[in-house]
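Spelled out, the chains give:
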Amino acid sequence: MERHFELELQKLNRRVIKMGNLVAFQVHNAFDALLRGDVELAEQIIENDRKVDKLDTKIDKLCQRIFALTQPVATDLRLIMSSLKMNNDLERMGDHAVTIAQKSEGVSEYRDIIDELHIDELVKMTDMIVNDVITILNTRNTAFVKDIFDLAQAIEEKAQGISAKIIEEMMHKTEVIVVATNLIVIITAIERLAGYSTNIAESIVFIVDGRIMKHKKKNFESPAGTSASVTETPAEPAPDQTGDPTSEATPSEG
Amino acid sequence: MKEAKIVTRDLTLHYGLKMALNSINLHIPEKEVTAFIGPSGCGKSTFLRCLNRMNDLIPSVHIKGEILIDGLDIYQKKIDVVNLRKKIGMVFQKSNPFAKSIFENVAYGPKINGISDKKKLTEIVESSLKNAAIWDEVKDRMHDSALGLSGGQQQRLCIARTLAVEPEIILMDEPASALDPISTGKIEELIFELKKKYTIVIVTHNMQQAARVSDHTAFFYLGELIEFGKTRKIFTAPDIKQTEEYITGRFG
Ligand SMILES: Nc1ncnc2c1ncn2[C@@H]1O[C@H](COP(=O)(O)OP(=O)(O)O)[C@@H](O)[C@H]1O
Ligand SMILES: [Mg+2]
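Chains as they are written, first to last, in the numbering used here: chain X, 1217 to 1470; chain G, 26 to 277.
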């Protein structure tokens, strides 16, 4: 039986994917603005966030309507619950892209510090994880989810290493306090981007096979025979990682 | 909202001394589905029966107010009730096919309306059965008795019978309440198709069904129209507290 309801689900899918693409684009541009010191691009990202917010509201309303009118169950229920969560995560990622864009102005004159800290490497990994997770969102191929978790872990470690260096710098040279603070905010935003990416990967696992990954991704195993890698495994984690196991928790700010 | 196909103005109905509808003002939009919900005995069926003057058949009924269909007051003296009923098809809770063949059930209405050409009748029967989404299930047994069909099939046959006389409005009084979930799903999908061409008013005690199939919902309580609005609004954020309480199962 062809279900009229199917059309609503398809619409929801299309919108979430659109949101994913839009946010990935925002993140990518924010990184560009940061690394190139492109103030104009930064302004554009801030402006574009309105589109992200608008789509966020649209998806929320659509989910609310589907819940209220169709009493979804099983796979349909999982899809709608997860869409709501992924939408929320994506919207927050959009906000972090804005934060990076905003702060990029304040650090644009400190190329040498950015280079010295190898922030470009961190940026590359994060751009990659965001793109990969959007690919999974499109394809629903959970074979690559493990790679996302690993990459997120590597980003986390590298980010903490960089933050530790920045803090050390600050203690020795008071004249860098302002730029260092901005950089810390940027690094934190980058960590969050990686955290939200894992959230989305978890949601996709939940849609596809109903498993709840949230608190056990350490033991995550991809489906048998699907260990292929969607990305190259990133560079080594920073040597001076802090090793705080609790810091791996995914972001949960409102 | 689309243009109103049916408008009621201060429609009040008594059975003898007992008031069953109290001053109902409602605009039912054309080519959309309007659902009536509310607890048993609140007047949904009574209201529905007013729309094709079926209540005329009950001697104790007193009606005040107006019902306009396409702008015409259907309780005016000069209105031809037979013509009116032709414009308005009705489907009941209990499917009620005649004890005749499937073909004859659908051909019956057109025949009464004077169509006797065999080829024409066959065409009408086929297209009506197709539009009622039952053609594939009966096309090889057109001359079998309609009573041999399952409950869900009988109900779709009754819808085909209604479509055969080319109505503009279809009234349905709990059309799926005696059916299993699969048959109910088929009827609901059918309603989606039918609203492209017909104005549909459905009474249902199943709120989820109202949510799934209708564009507009009217909530009745004790003969009063408590709230009327877009279904998506009623089921996400109704304006009236009583509606909220009813649809969330807090009373009724
Ligand atoms: N033929 C009738 N004669 C007298 N009272 C009736 C008749 N039909 C319905 N009623 C009364 O009118 C009220 C509304 O009934 P009805 O329209 O059947 O409600 P619903 O369809 O919402 O369950 C009820 O109190 C019912 O008892
Ligand atoms: Mg009734």
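Hints in this document: simulated from the structure, not taken from any laboratory. Be aware that a few hints might be false.
Straight line, CA to CA, 30 Å or less: simulated BS3-like cross-link-like pairs of lysine-lysine [stated by the list, open to error]:
1) G:111 <-> X:1274
2) G:211 <-> X:1227
3) G:220 <-> X:1277
4) X:1277 <-> G:258
5) G:43 <-> G:220
6) G:164 <-> G:27
7) G:211 <-> X:1277
8) X:1277 <-> G:111
9) G:27 <-> X:1227
10) G:221 <-> G:111
A quick look at each hint next to the structure:
For the proposed pair residue 111 (chain G) and residue 1274 (chain X), the alpha carbon gap of about 43 Å is over 30 Å, so the pair is violated. The straight-line distance between the Cα atoms of residue 211 (chain G) and residue 1227 (chain X) is roughly 22 Å, inside the 30 Å bound, and the hint therefore holds. Of the supplied pair hints, the one linking residue 220 (chain G) and residue 1277 (chain X) holds, its CA atoms being roughly 24 Å apart against a limit of 30 Å. For the hint pairing residue 1277 (chain X) with residue 258 (chain G), the CA-to-CA distance comes to about 11 Å; that is within 30 Å, so the pair holds.
Taken as a hint, the residue 43 (chain G) and residue 220 (chain G) pair is broken in the structure, with Cα atoms around 35 Å apart against an allowance of 30 Å. With a C-alpha separation of about 36 Å, the suggested pair residue 164 (chain G) and residue 27 (chain G) falls outside the 30 Å cut-off, and the hint is violated. In summary, the hint linking residue 211 (chain G) to residue 1277 (chain X) is supported, as the alpha carbons are separated by about 27 Å, within the 30 Å threshold. Between residue 1277 (chain X) and residue 111 (chain G) the CA atoms are separated by roughly 41 Å; this puts the pair beyond 30 Å, and the hint is violated.
Distance check on the hinted pair: residue 27 (chain G) and residue 1227 (chain X) sit about 24 Å apart at the alpha-carbon level, within 30 Å; holds. At most 30 Å may separate the alpha-carbon atoms for a hinted pair to count; residue 221 (chain G) and residue 111 (chain G) meet this at roughly 19 Å.
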